[in-house]
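Model the placement of chain Y on the given structure of chain L, informed by the hints.
These are the residues of each chain, in order.
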Amino acid sequence: MKFIWFLLDSSFDDLRRNKARTFLTSLGILIGVLSVVLMLAFGYGLQGYIEKQFETLGKTLIMILPGQGFGGSGGAGLIGGVTFDEKDVNKVKKVTGVESVAPVFTKMVKAEANGKSQYSSLVASTPEIFSSGFDDVDYGRLFTKTDVNKKAKVAVIGSKIAEKLFGSNKNAIGKTIRIQNQRFTVIGTFPKKGGGALGSDIDTHLIIPYTAAFSFNPDKTFFAIYLKAKDDKIIGEVKADIKKTLLKRYKEDDFTVTEQAELLGTVNSIFAILNTVLIAIGSISLIVGGIGIMNIMYATVTDRTKEIGVRRAIGATKRDILLQFLSEALILSLLGGFLGLLIAVIIVILIQPLFPAVINAYSVVVGFGISSLIGIFFGVFPARRAAQLSPIEAIRYE
Amino acid sequence: MIKLVDITKEYEIGNEKTQILKKISLEIKDKEFIGILGSSGSGKSTLMHIVGLLDTPTGGKVIIEGKDTSSIKDNELSKLRNEYVGFVFQQFNLINKLTVFENICLPAIYSQKKLNYNIKEKALELMQKFSILDRKDYYPNKISGGQQQRVAIARALIMSPKLILADEPTGNLDTKTGDDILKLLEQLNKEFGVTVVIVTHEKDVAARTKRQIFIRDGEIAKKYL
Chain L
-3 MKFIWFLLDS SFDDLRRNKA RTFLTSLGIL IGVLSVVLML AFGYGLQGYI
47 EKQFETLGKT LIMILPGQGF GGSGGAGLIG GVTFDEKDVN KVKKVTGVES
97 VAPVFTKMVK AEANGKSQYS SLVASTPEIF SSGFDDVDYG RLFTKTDVNK
147 KAKVAVIGSK IAEKLFGSNK NAIGKTIRIQ NQRFTVIGTF PKKGGGALGS
197 DIDTHLIIPY TAAFSFNPDK TFFAIYLKAK DDKIIGEVKA DIKKTLLKRY
247 KEDDFTVTEQ AELLGTVNSI FAILNTVLIA IGSISLIVGG IGIMNIMYAT
297 VTDRTKEIGV RRAIGATKRD ILLQFLSEAL ILSLLGGFLG LLIAVIIVIL
347 IQPLFPAVIN AYSVVVGFGI SSLIGIFFGV FPARRAAQLS PIEAIRYE
Chain Y
31 MIKLVDITKE YEIGNEKTQI LKKISLEIKD KEFIGILGSS GSGKSTLMHI
81 VGLLDTPTGG KVIIEGKDTS SIKDNELSKL RNEYVGFVFQ QFNLINKLTV
131 FENICLPAIY SQKKLNYNIK EKALELMQKF SILDRKDYYP NKISGGQQQR
181 VAIARALIMS PKLILADEPT GNLDTKTGDD ILKLLEQLNK EFGVTVVIVT
231 HEKDVAARTK RQIFIRDGEI AKKYL
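Note that the protein sequences, when read in sequence, are chains L and Y. So the first sequence is residues -3 to 394, counted in my numbering. So the second sequence is residues 31 to 255, counted in my numbering.
Isolated chain L, as found in the complex:
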């Protein structure tokens, strides 16, 4: 125990003596750990954010998507496949266990008013769409079933559109906007979600009753159909029934019936892959940092050859010398790891308002774990060289 303390003490002493060199040597590890921990933080943050988004959709949400969806083996995702129409909507409405149906038509459009314009994501659907994450307005109201039945030309718009065209959400209520020369009355605005990378999405949304969108959508087709089951326990049966119904018309590969749990699983596995890739990138900087440590430790061993000889002369074993230099390499890399972690924490705190980054215990363990492994792995070669020096040759070294 005493020996360990003495080792650590003398290692710290050496590192303290060469502050600039110590810092530069640790820098590689610092950057490596910083990038790994930051990447993990972004990965976890994004994953958490998306999970939360899904949670707001509710457990009973079922989605009918064209093609093989997210989970398909085709990989083409949402591209290709079929578009759905009102016939499909009416058919799935009749499936037992289905509480409500929201056909979804989406299009990028230019919303214009007062001589200004704003590109917006138009979503045409039924009021059920509001329960999938767009459920509150700060001014005005959401449209209702009556609006759908009356084919009312009303719109609920995001705050970015409102601010651009009318100056503020409050001012937008009751005003008229033009979408491809069709006039719509703004009846409600969504509260501002903020300038975050992901949060800005809802701010450029423009939601109208699907019955009022047929002029943009002459074929009366839908990109997707969202449904709500009456109970989350019967979701499996409802999904199977919907599939059976649609198979009468479409081929198996043309559409996907999915639920959020399934999508969540897909998203999670995508992030697992992403995290692995990010860690691999960080590992490269760590290896470079490790080589830096190895290099400096070789130089240190040469510098201190005589000291090694003296220590051997007064009774140090090869193991004692090995441990001395190994502990020095370990301290160097742990120092880098600690600083990297510290800077990562500061960065995460600073960007927290803009991006949902997270540093958890796992990141800390990974940060320290990796830096100690690097220290031991790259420190052991120079330390072995020090230990293998012949005592007499070392003591004669000038």
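None of these hints come from the bench; they were simulated from the model. These numbers were taken from a predicted model, which means no experiment stands behind them. All C-beta atoms in this analysis are idealised placements derived from N, C-alpha and C, irrespective of residue type, glycine included. Check the hints yourself; a few may be wrong.
Which residues of chain Y face chain L? A partial, calculated answer using Cβ under 8 Å [claimed, not checked]: (1) 105; (2) 109; (3) 112; (4) 125; (5) 129; (6) 131; (7) 201.
Derived list of chain Y stretches under chain L, where covered just means 3 residues or more per stretch with a C-beta under 8 Å from a C-beta of chain L [unchecked claim]: (8) 77 to 87; (9) 137 to 150.
Okay, now just chain Y, sitting in the frame of chain L:
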């Protein structure tokens, strides 16, 4: 007691073999005070390094307390260097980043046995005896050569070895300081019964010892040339 039997040491430089020591046999009895005298390049330092187990002979045996050291493991050699031998070098060979006190205690850090005395107390006692107590927390490069050599002797004594090997201990010191160091070594031999071997090229240093061994061209000579 230490016995050297037919010790040879060869170095190979390029294709040329140089014999540093040629079949040297000698005995060092307990509590002896010996001077090994020889000119530079005679092989006297190599001989001392072999006695102190810092270097290994090409041929022959070093027998320490009846134990043949030619076949023992490196770990065991470290243990013997630590417990049995104390080295004093011409260049002092103190570790500059450690204080005087830490330098003196250093061998105890590497001790493989449990010591039956308190190292710190013993170090303070030695510093007191050698009049370097007031330099306890100084770094070696901040004290005089004579003081440094006292620190080195204190370090050599901290493990209570049976043998002190001093390689040109006065070589880097002025006559007066050198004389003090020699007196100290004499005192160690006389009062504490430590075996002292001084390696030197100076006749008058060797003359202070009780038995002189002359080395010339790697062999024991009858007299000093």
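Hints, verified against the model:
| no. | hint | verdict |
| --- | --- | --- |
| 1 | 105 | holds, 5 Å |
| 2 | 109 | holds, 7 Å |
| 3 | 112 | holds, 2 Å |
| 4 | 125 | holds, 6 Å |
| 5 | 129 | violated, 11 Å |
| 6 | 131 | violated, 13 Å |
| 7 | 201 | violated, 15 Å |
| 8 | 77 to 87 | holds (count 4) |
| 9 | 137 to 150 | holds (count 5) |
Against the hints set out earlier in the document, violations occur for numbers 5, 6 and 7.
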